[in-house]
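Undergrad: Sequential numbering from 105 applies to the sequence shown in my numbering.
There's no promise every hint is true.
For each label pair, taking beta carbons as the anchor points, the in silico distance ranges come out as [what the hints assert, rightly or not]: (1) PRO177 to ASP224: 16 to 24 Å; (2) PRO250 to ARG202: 18 to 26 Å; (3) GLY182 to PRO303: 18 to 26 Å; (4) ASP278 to ARG220: 30 to 38 Å; (5) PRO235 to THR190: 30 to 38 Å; (6) ASP269 to GLY246: 27 to 35 Å; (7) ASP181 to THR242: 29 to 37 Å; (8) GLU239 to PRO177: 16 to 24 Å; (9) THR179 to ASP222: 28 to 36 Å.
Hints in this document: simulated from the structure, not taken from any laboratory.
Quick caveat: nothing in here was measured; it's all calculated off a predicted structure.
For each residue, glycine too, the CB sits at the ideal point set by N, CA and C.
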Amino acid sequence: MGAPDRARRARLSRSAPLLLALLLLVPACDREARQRETTAVRPGTSTAMPPDTGSAPSSPAGTSPPAQPTSEPVTTDGDCRYLETTFVEQTVGQRIARTTYTATSHELLPGCTFYRPDGDPAVDITVTAFPTAVEAQTAAIGLGTPAANPVDDVGDGGVVLVTEDAAVLAVTVDATLLVVTVNQASSLQARALAVLVAPLLS
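Take these sequences, add in the hints, and give me the full structure.
TA: Here you go:
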């Protein structure tokens, strides 16, 4: 073996360990690369879970049922069921051409209005139920003025007010207010009508 061959062999001997190390390193690097590709997160996706806030989605707030509209009193043409038209005509001395009745807060008696031939009301009767007798009596007194006179002989009492063209009598029966209005400057006619109606409210 010549000198050149010995020199090549010497160089190969020195480089053999380095080549072996490189051969062992390449497969290891290749495995690490494949593992990184396998565990890498694809673009546009996320494996992170959203933080738990500990509260459920809020539900719409409850709404109160709409309030029922207050019904307006209904007035209907027809006879007053507790006062005859002929009696009213005799009491007020006027001809009655039309009669209407109106639903009221009292469960038994409606309000009644008696009209003259010219369309003007001759007699108007209203009936209103209150929660208590005290409230009804307060309302009756409130319809009067310092010029009103007390009424003690009809129902539980009240007042009567006479003006130039009308008389208004307001009395109570328990928790019900009775108001009689007559188109005359005299309380006699209003009192006569109230005496008949008041007992029907008890």
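Undergrad: Run every hint past the structure and note whether it holds.
TA: Hint-by-hint comparison with the structure:
Checked against the hint of 16 to 24 Å, the pair PRO177 and ASP224 passes, with Cβ atoms roughly 20 Å apart. Our hint of 18 to 26 Å for PRO250 and ARG202 is violated, since their Cβ atoms are close to 36 Å apart. At about 23 Å, the beta-carbon gap between GLY182 and PRO303 stays in the expected band of 18 to 26 Å. Here the CB-CB span from ASP278 to ARG220 is close to 33 Å, well matched to the stated 30 to 38 Å.
Our hint of 30 to 38 Å for PRO235 and THR190 holds, since their Cβ atoms are close to 37 Å apart. The given range of 27 to 35 Å is broken by ASP269 and GLY246, whose C-beta atoms sit roughly 21 Å from each other. For the pair ASP181 and THR242, the beta carbons lie near 34 Å from each other, so the given range of 29 to 37 Å is met. The supplied range of 16 to 24 Å is met by GLU239 and PRO177, whose beta-carbon atoms lie about 20 Å from each other.
Take THR179 and ASP222: their Cβ atoms lie about 19 Å apart, and the range 28 to 36 Å is violated.
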